[in-house]
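Asker: Chains as they are written, first to last, in our numbering: chain F, 1 to 397; chain R, 398 to 702.
Take the hints with a grain of salt, since some may be wrong.
[What the hints assert, rightly or not] Here are a few chain F residues that face chain R, going by a calculated C-beta distance under 7 Å:
(1) Ala-178
(2) Ala-209
(3) Ala-216
(4) Pro-227
(5) Val-232
(6) Asn-233
(7) Ala-241
(8) Ala-244
(9) Ala-266
(10) Leu-269
(11) His-397
No lab work stands behind these hints, which were simulated from the structure alone.
Just so you know, even glycine gets a beta-carbon here, dropped at the ideal spot from N, CA and C.
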Amino acid sequence: MKVRQFSATLLLSAVCLCVASLGSVARAADKVKIGFVSTLSGPSSALGVDIRDAFMLALKLNGGKVGGLPAEVLIADDQFKPDVAKELFDKMVQKDHVDFLTGVVFSNILMAALPSTDESGIMYLSPNAAPSPLAGKQCSANFFAVAWPNDAYHEAAGQYATNKGVKTAYLLAPNYQAGQDSLAGFKRFYKGKVVGEVYTKLGQLDYSAELAEIRAAKPEVMFVFLPGGMGVNFIKQFMAAGLAKDTKLLVPGFGDDQDIIRGVGADMLGVFDTSHWGLDLANASNKKFVAEFEKEYKRLPTIYAAQGYDTALLMDAAVRASAGNLGDKDLLRKNIMDAKFSSVRGDFKFNTNHFPIQTYYLREIQKDAQGRLVNKIVGQPIMTNHGDAYVKDCPLH
Amino acid sequence: MSSILLVEQALNGLQFGLMLFLLASGLTLVFGIMDMINLAHGALYMVGAFLAAWLYGYTESFALSVLCSMALTSLLGMVLEVTLLRTLYARDHLSQVLATFALILILNESVKMIWGTDLPLSTPAQLSGPIEILPGLLYPSYRLVLIGMGLLLALGLYILVNHTKLGAWVRAGASDRQMALSMGINIKALFTAVFGLGAAMCAFSGAMLAPLLAVQVGMGENILILAFVVIVIGGIGSIWGAFVGSLLVGVVDTLGRGLLPHLLGLFLPPMWASAAGPSLASIMVYVLMAGVLFFRPQGLFNSKS
Chain F
1 MKVRQFSATL LLSAVCLCVA SLGSVARAAD KVKIGFVSTL SGPSSALGVD
51 IRDAFMLALK LNGGKVGGLP AEVLIADDQF KPDVAKELFD KMVQKDHVDF
101 LTGVVFSNIL MAALPSTDES GIMYLSPNAA PSPLAGKQCS ANFFAVAWPN
151 DAYHEAAGQY ATNKGVKTAY LLAPNYQAGQ DSLAGFKRFY KGKVVGEVYT
201 KLGQLDYSAE LAEIRAAKPE VMFVFLPGGM GVNFIKQFMA AGLAKDTKLL
251 VPGFGDDQDI IRGVGADMLG VFDTSHWGLD LANASNKKFV AEFEKEYKRL
301 PTIYAAQGYD TALLMDAAVR ASAGNLGDKD LLRKNIMDAK FSSVRGDFKF
351 NTNHFPIQTY YLREIQKDAQ GRLVNKIVGQ PIMTNHGDAY VKDCPLH
Chain R
398 MSSILLVEQA LNGLQFGLML FLLASGLTLV FGIMDMINLA HGALYMVGAF
448 LAAWLYGYTE SFALSVLCSM ALTSLLGMVL EVTLLRTLYA RDHLSQVLAT
498 FALILILNES VKMIWGTDLP LSTPAQLSGP IEILPGLLYP SYRLVLIGMG
548 LLLALGLYIL VNHTKLGAWV RAGASDRQMA LSMGINIKAL FTAVFGLGAA
598 MCAFSGAMLA PLLAVQVGMG ENILILAFVV IVIGGIGSIW GAFVGSLLVG
648 VVDTLGRGLL PHLLGLFLPP MWASAAGPSL ASIMVYVLMA GVLFFRPQGL
698 FNSKS
């Protein structure tokens, strides 16, 4: 008797479970739940705050909706710690049952947290971090790099130096994985001579020893990958040493964006960078974005902001194309790949590894009409239809 | 590796060391005299830099901004001492570390609320370029000013500590607090004055380094670690030790970064040298500290030994 009762209960619960799971597949969602995990406190928070602000701005301009459905955004701070991000991802997947995850700024944090989404089949739209392992062998069906592959800015910088016929270049980056990747990216497309390649301590304050070496080497171009405060320190000291007279400073687009300009000030004039986006890109979507962002937050948007905004637009287009049927993962994946939306960077498309193929520009820091320092796109695009070097290792099709 | 480059690197080491000294001197006095671990020392350095950058917008005079910033930071330091830190002297080091760590977080967030995460401050225009100090040796003129000011302040501090009554009290307090108390020295007022002086030195180094470094929230924690290395090497409570320790750390760090890759290149294949050079250079300072502690666990010049 006991046994029969037990099996009946088991059967009943199995049926219930089946119905419940069937229900969730067939039913069209009545709202979209988005988990947004980013670095929102501490010295490195400026980047995450810009992504969040632009993402929320896009939703606000859209009447608080994503793909026609009311959006609920759960915002959480990873405190610049991989383990915290991993916990937040797990909580949002298992407890909050979000439909999308997004927001992470830093590659090392993403690499720690991403496995949580992979097991659950939840789509992760990356507004910034796009580390090379995820483009190649470890590529994932549920990961989409909305911004640019981690190597791309450095590759574009190398290509620019080659196009310009630069004979001698000096390279400097912090001594960690992303630093080594960036210089490798530069060298992949630079055909001239590398007269110096220096790796400094992560978080280094004073660069006088390196600057003395650079002065002695007299390179035509100095390519520097130094994110955040390290970049501010280096650029200030580079200018104070008077090296800008003989050597042109070239940095990846995030290396001289508004957050760095705020820290360095007027010395930034004339610094060159490479980027997939610019304030002055002349398309309707970008004009609207820049104007609305400035109106809402009283500051100019950075590259990070542009990426956050694009991520929201992409999500909107994909949910709309799926007609709210978020349970059908294959359909949703296809609709993300083919999403039709007006990106602020202009046209781009996803490669088979879910990383973008797009155009990269040269920008120079100049004064705008109001006398503010801004990055302006100069000359022809450096690279068009540029993907990444790792796609051949990715088993996705 | 030419001799010109060697001279330049030596100057760089001297300049970095002198700036570290300004921070470490205050830290070592507070640690030595009051037996107090003040982690918030670096936060005062940050406040000094932010104040100078902010005041520059109003005064448009670099020197005036630095002076005002020193005065205001010194005032803030003394207020903190009277209201909060004074109650911690009698407690154990763990309470002091906890309380002053909380102070770091509070000061960081306050600065963020008042000024945002960062402020720009450029080198004064007349000092912005390099000058030729030896034939073929161009050196940033601002860094020369830093060396000059650093030496001047070190000399001033030496005279203050070794040739004035206040200095005698400070030295007495550092070597034997109980005895100093029983000789009728007003320890309370002395502590407040020392703390104010330390804060002013912090503000000076923060403000003077602001044109070279990022003025941003959290800048104090980066440099505080080096300042602690300096006072551990020099011996806690000793101004002379802080001076020698700072120069050692500055020169070893700078020359390590400049020379090590070249030296390794002489007897290692280039690929190994370029991989090992940067890693070795970044731990040179700590190797130095470990070496000093091995032979002299009390530091080079301990005031209590």
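Asker: Each of the hints needs a verdict: does it hold here or not?
Answerer: Quick rundown of the hints versus the structure:
no.	hint	verdict
1	Ala-178	violated (15 Å)
2	Ala-209	holds (4 Å)
3	Ala-216	holds (5 Å)
4	Pro-227	violated (12 Å)
5	Val-232	holds (4 Å)
6	Asn-233	holds (5 Å)
7	Ala-241	holds (5 Å)
8	Ala-244	violated (10 Å)
9	Ala-266	holds (6 Å)
10	Leu-269	violated (11 Å)
11	His-397	violated (38 Å)
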